Amino acid sequence: MSRAPHVRSVAAPPSTAKTSDIKTSDIKTSDRVPGSGEGPVEAIRRLRADPLTRLNELARAHGPVVRLASWPVSAFLVTDPDAIADALVSGHRAYAKGAVRRGAGSRRTVVQPLALLLGQGLLTSAGDTHRQQRRLLQPLFHKQRIAGYADAFAAIADKTADGWRDGQRLDVHTEMTEMTLAIVARTLFDVDLDSHVVDVIRAALDQNMPAARRAQLPGFTTLERLPLPAPRRRRDARNALDRVVHDLIADRRATGATGNDLLSLLLTARDADTGASMDDSQVRDEALTLLLAGHETTANALTWTFHLLGRDPEVLATLQAELDRVLGERRPTIDDLPQLPYTNAVISEAMRLYPPVWAMGRHLVEDRDVAGYRLPAGSTLVFSQWVVHRDERWWPRPELFDPIRWTGPDTADEPADAGPKMRPRFAYFPFGAGPRQCIGNTFAITEGVLALAAIARRWSFTPVPGLPVTPQPLVTLRPKDGLPMIAHGRYPNR
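The working numbering puts the first residue of the sequence shown at 412, with every later residue one more than the last.
Please note that the accuracy of each hint is not assured.
What the hints assert, rightly or not - Simulated DEER-style distance windows between Cβ atoms:
id, residue 1, residue 2, range
1, VAL776, GLN543, 41 to 51 Å
2, PRO846, TYR902, 38 to 48 Å
3, ARG643, TYR902, 47 to 57 Å
4, ARG546, PRO724, 42 to 52 Å
5, GLY502, ARG576, 25 to 35 Å
6, ALA460, ASP684, 42 to 52 Å
7, ARG576, PRO621, 25 to 35 Å
8, ARG580, ASP778, 47 to 57 Å
9, ARG646, VAL875, 30 to 40 Å
10, PRO445, LYS891, 29 to 39 Å
11, ASP617, THR679, 47 to 57 Å
12, ARG636, PRO483, 32 to 42 Å
13, ASN852, ASP569, 18 to 28 Å
Everything labelled a hint here was simulated from the structure, so no lab data went into it.
As the structure is a prediction and not an experimental result, all values here were calculated from the model.
Beta carbons: idealized from backbone N, C-alpha and C, even for Gly.
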């Protein structure tokens, strides 16, 4: 598919004024924030029916701050990059992660459903607890540590690809899910994919992840305790996972945690300031948090990458030319990464269009100026990667899959908003940022690039004709009915 020069849309985009440029006298009160004008029931119904489309519509129609709801809480969609920077980095202490006030002093968090599965790990904890946990875990994700896992990333990707046949129809999402589960099982627990441990992990995720969006509704926690079939299956799967992980922990403590897998490192981690270590319960919570972060998100990122490559032969050809030049017929290694800029760009562009985490929430703990509006304490703010990553102010022809955005010069034939250096820092934030940035972002990118390189040098995939692909925004962004595609071996006779 030929790529014409980027052109600026004729329609005037929303204002690009920086939050820092807005004078104090120009700050408006929260009752001036634009919105759809719908009643609360209809607004929530439309948002729940198709959140991706609805959030995009509202942002395009109303600008950088949009009222999503006034009841039962005041909720706002915020798409201004400077305001996102304030919430995640410079002013993060004014925001709590994803809490929604319900009545006097009570709160419900959007991460509460995950806490049923993950406990109080890094993803679900807050405040001083979160800061202490992050300080304890950060050394586990130094680049030198991740380099030690790189061979496993590529080897398991190669092994996954060994099982495919030329012309075979397969579900790419299932394949990527199994592959990343094998990678995390090896690097986290030092077990193989055919282990009973992995069967239990798979069952717990399959039972609990699809329910996460429903779990944000009032009354879910009460329903989860009732002796109904679905809650019972979820509880049983969580309990089985607890037993398996605690058995692994007990075994490592008994035999000595001397390995390089993440579970062993969790057991031997010490706080640099206090010398404190983690008890078994905290090790369990952190291990499961790392399991989810390293498995679910990377599987989805790679799934959407192959979906996009299957619809763009030109990008695929450019990718495979780079892989042929750098790798030939060998497996990629960590040392190849600097020579694979286009491969890295393909992953970055896929995460722009289909961010594994499609939205994140914050709760204002004090009154705050947000992109020209004074929003009150107690408000819920939604920052959607799906919306911001497709904003034409920062991304000319935003629906186009174009990895050159990440590798080309910052001027070329595009308007001034083209190129990585010309965009606001928070026009792209797939891993969040600041104190709550995904701690495993380097792990995930390294895993994704090496797995893509290992597979794409040998295989390509084409869509199944007439089969629609619909994103499903759960905790992460999955294809609703999987991703059936046709596999094509590049060297079928070898």
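| Broken hints, numbered, in rising order? | Hint check: 1, 5, 11, 12 fail, others pass.
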